[in-house]
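S.K.: For reference, the chains in residue letters:
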Amino acid sequence: MALLENESFDGIGKQIHEFMTNLYPICRSITGNGVRDSLKQIKQYLPNLEIHEVPSGSEVFDWKIPNEWNIKDAFVKNSLGEKVIDFNNSNLHVLNYSTPIHTKLHLDELKKHLFSLEKYPDWIPYKTSYYDQNWGFCLSHNQLINLPEDEYEVSIDSSLESGSLTYGELLLKGETDDEVIFSTYVCHPSMCNDNLSGPTILTYLAKEISKRKTKLSYRFLFLPETIGAITWLSINKNNLNKIKAGLVATCLGDPGNFTYKKSKLGISYIDKITIKLLEDNSSDFKIEEFKPFGSDERQYCSPGINLPIGSLMKTMYYKFPEYHTSADNLEFVTPKSLESSFLMYYKIYETLEDNDYYENLNPMCEPQLGKRGLRNNIGGPKETNNFQESIDWILNMSDGKNSLLDIAIKSNLNFELIKKCADILEKNQLIKKI
Amino acid sequence: MALLENESFDGIGKQIHEFMTNLYPICRSITGNGVRDSLKQIKQYLPNLEIHEVPSGSEVFDWKIPNEWNIKDAFVKNSLGEKVIDFNNSNLHVLNYSTPIHTKLHLDELKKHLFSLEKYPDWIPYKTSYYDQNWGFCLSHNQLINLPEDEYEVSIDSSLESGSLTYGELLLKGETDDEVIFSTYVCHPSMCNDNLSGPTILTYLAKEISKRKTKLSYRFLFLPETIGAITWLSINKNNLNKIKAGLVATCLGDPGNFTYKKSKLGISYIDKITIKLLEDNSSDFKIEEFKPFGSDERQYCSPGINLPIGSLMKTMYYKFPEYHTSADNLEFVTPKSLESSFLMYYKIYETLEDNDYYENLNPMCEPQLGKRGLRNNIGGPKETNNFQESIDWILNMSDGKNSLLDIAIKSNLNFELIKKCADILEKNQLIKKI
Amino acid sequence: MALLENESFDGIGKQIHEFMTNLYPICRSITGNGVRDSLKQIKQYLPNLEIHEVPSGSEVFDWKIPNEWNIKDAFVKNSLGEKVIDFNNSNLHVLNYSTPIHTKLHLDELKKHLFSLEKYPDWIPYKTSYYDQNWGFCLSHNQLINLPEDEYEVSIDSSLESGSLTYGELLLKGETDDEVIFSTYVCHPSMCNDNLSGPTILTYLAKEISKRKTKLSYRFLFLPETIGAITWLSINKNNLNKIKAGLVATCLGDPGNFTYKKSKLGISYIDKITIKLLEDNSSDFKIEEFKPFGSDERQYCSPGINLPIGSLMKTMYYKFPEYHTSADNLEFVTPKSLESSFLMYYKIYETLEDNDYYENLNPMCEPQLGKRGLRNNIGGPKETNNFQESIDWILNMSDGKNSLLDIAIKSNLNFELIKKCADILEKNQLIKKI
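Residue numbers (the working numbering), protein chains in the order written: chain X, 18 to 451; chain W, 18 to 451; chain L, 18 to 451.
Please keep in mind that the hints were generated in silico from the structure rather than gathered at the bench. Take every hint as true, because none was put in to throw you off.
These stretches of chain L come out as covered by chain X in the derived footprint (C-beta under 8 Å, 3 or more residues):
no., segment
1, 78-86
2, 241-250
3, 310-322
Cβ coordinates follow ideal geometry from the N, Cα and C atoms, glycine included.
For reference, chain X alone in the conformation it holds in the complex:
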């Protein structure tokens, strides 16, 4: 599963960041043209991406698809006719899913519909009101406290009408039906770590995997958060038993270290792989136990669904101050961090492909490695000690019950080295895949 010929991932972080720059201005929400326009851009990279539309009012488990929300413009003008809040400056200024309104209000009445963040007085907070009809504006706390007494003209040119919920899905069929889910959400307006880092990295990952013949099947989901995952699970509820592993991709562009939030079971296959690869490749990372709050792992790990799906992030949602504010912007996420996240997701894919069970063909005592050129004949190690130790561990543990991943974990050796040595041993007819 190494790189294809003439291929390299150099500069991929910069490419992902450029793609993100294109998606950044779109005003996304859980329904509406923002999602559609974003998926159209993703489809340019993934021509086989299927775009699904689920009509408003459809019942999905305990929920109902809400009316579709779209917005053209919004502002607050003072009595001089000057726009003091302007949707065109930042789509975060509008309470997401605001009902249409056009009226005049005095400051005290207006303030009931204004949201700010006292702790970070320069940042615009991101607020939503999907299921409770309301309207409002978000603005920096400094701007809020400097608004003078006045009569203001308020206008939100939005619509909330029967339409549909939109999501994107791409299945890359492998040799087997065993499926891996990579899920992300596409419903936040102009914010980068949460959430454009997820869809952009998964777009590039899907593009890479689609070039390869794979053992497993890979399904990529680009959904509105919560309601989108619920919708997809509701539609596909009879097909979930094919899913052997999965990850929710989010918060992958900030400069922090990796965080892995375990699946509900806590010891599922994806947990073992991801934690081992973090150990192999990172000097510092965090493991979080499963908790039933966060992103779409809440749905994937609900008691009636209970899929083996974790979430690999950089800094976890809630834990960076820029979370859900205008400061989560194109400067906050870096090409370098996006690249390291892409590479870790790619390595997880590689490991899913490469991890197999082998049987030692000479299980009684050690085979004679020297006569096969696999052991130095006078003292000292041939390559590194790790090479010889890796050979010894694979031979010792390959009884058909331990996968290469199990051997890498037990021996505390790098999975990539174990895989490389297994290939050598297989070539030497000392082990065979089962």
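With chain X's structure known, arrange chains W and L on it following the hints.
M.R.: Just chains W and L, lined up with the frame of chain X:
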């Protein structure tokens, strides 16, 4: 299981201490009128308490009920006829179960029957000789070393005759036969932490539980230590499988922190409940592994009995210097400590009653909490974060295999909060008891 | 299993060291007269030792017995005819298994066949080339760098011819066929910790056990490392299921603390026993997880063999600088260390013999210990607290499912004390062996 109407536990520590003050002067032993008089006082609080009498000589497993011991008076007089040791000053002065004697002795002969405690020279030690016929006096070490050479008159007006062993038992029948044992001992003379704290607190606990309709049945045992527990187990040996949990109550009045000594299994139901409640309610406590020495848990956890019974104490026996001395008196135990012990036992009872298994009625994905008023519609938490987290954990884990206690342990949230939220979710028809 | 009458192990370390001194000069290898001469000396202590000869060329699993190697003399002379390297000074000077040679060479050509150790410039390294035909000399680094340009005469008077591989085996039959393996290797030339400490200590251990009637059978193996263990396993492959425990004895004479390398399973019987005895008897020791490199545990724990065999050493191979050099000599190993290693092996043997399952004959509550003189009747402990605690633990845990070893581990009491108390309880008919 909250408090009954118009009811409060304010001042209950003071009431328990007053009750203890009444029991304090009685000269108890493993048989005789001291036990009977103590049980009579307990029966004033618990009219349904049954008083059992088991004849001397009865065989109970490997043991035989000993002759009944009673004592009227005891003293040591010097040659001037002055009482230098007087039973009326402290019933600890007499080696418990001393045979009757009336004789004259020189100091060196007398000294073979005197017991003192060099380390704490002002305290009278508590000594017994139940199964080896002997007589003796206990006195402070300072008194012992100041006894002049003299001829002393020794008198112990005791009797050791065929009679019976006495114990008290109260069964509070609940909806089910599943039984919880609260066991304590009533055989120590004037000492408070070990042991009057146990019987006084259990008396008040039984009184409270007797006012309520309960799911489980509760059996309270007031026994002489060791031989009493052996006797009760011998008589009831065919009825032990109803017992689902239990605690030995002792050393509950000193000012130290709680100590929980686990049942033999170490992971039984009572262990899980008690440790969780200590975590919820105490900032500092000790967990002791089961050891086959201590109090009546020795019998309850013997290999042929093996009941799920632990012991919840403040400072463990042996571990406070006043243990088995005259310094374990009414000043050493405090109303405040007795009250906190009573409350912890009460909470254990509450949790035993409240802990149930629920099933999430919308197990596929999350139910929509917002439309039921259980989720804030614009950002931030409705009550506290803990409230929302509690709701999420209950929904996520209620697959019928996790009790509320399991959920509280896994989520690291307070059991009381989990119970309160489960009630709310049940009222909203989101979960149902199974 | 205490010492036999009139017997003591005083001075046994000195005796073992003297035996080692006799074995030290022999030039051993994996085949040849060095092994035969060493086994002859061992047989003087163990008359029933069987000496096996397996012909060169025999197939043993994936290996073939190599030609037999013998050596009479070897030297390097300078142009003045002075011996600058002389096999008679140290048999380490010859690359073990060197092919015969007699030629003249200039220094630069000679150097391709010289091996030294830069890090310890005064020590001669030990090097082998068993399966790759080669010749060479080992010398101190100081000597190497001081060799002047010259023409040297090189002579190795060795032979590499069809013959056999030799190993020694002693079976001490016990009451049952259940077998314990003590395995060591006898293939290193003049080095003491690795490896003469192993064969000398096992010789003394076998001698002691042979004097006794035992419950288990004990098999002692004195083999050439790797190829010898492979040969023995190949010959005995159908008889391995009798083996219940075993140890590889090596590196037992250096002044360091004990190291125990676990069997592959990691929780096998020998692991439990050895770790418990180290805890009972040592203030400081190391536990190493199983790794598939090291000594003959590699073969015993290969996936098709998988025997419960660990390795008890002092300082582990590789971890002392003298390892595989001339500095691993008779001064490096001490009688004191050999004695403590012998005693630990002896205690392991004793525990294997003494560990039994008992049943408490009074499982319902405690038996009355006082009437049997097993409990002090007035307060305080009779002997030590440990004695009483040991009695209590045995009675509490003897339900037929816990061995004395299990009880010693659980109670954190010394196995010897537990065994002593079990004997007392058995004598008192309170427990019986099952």
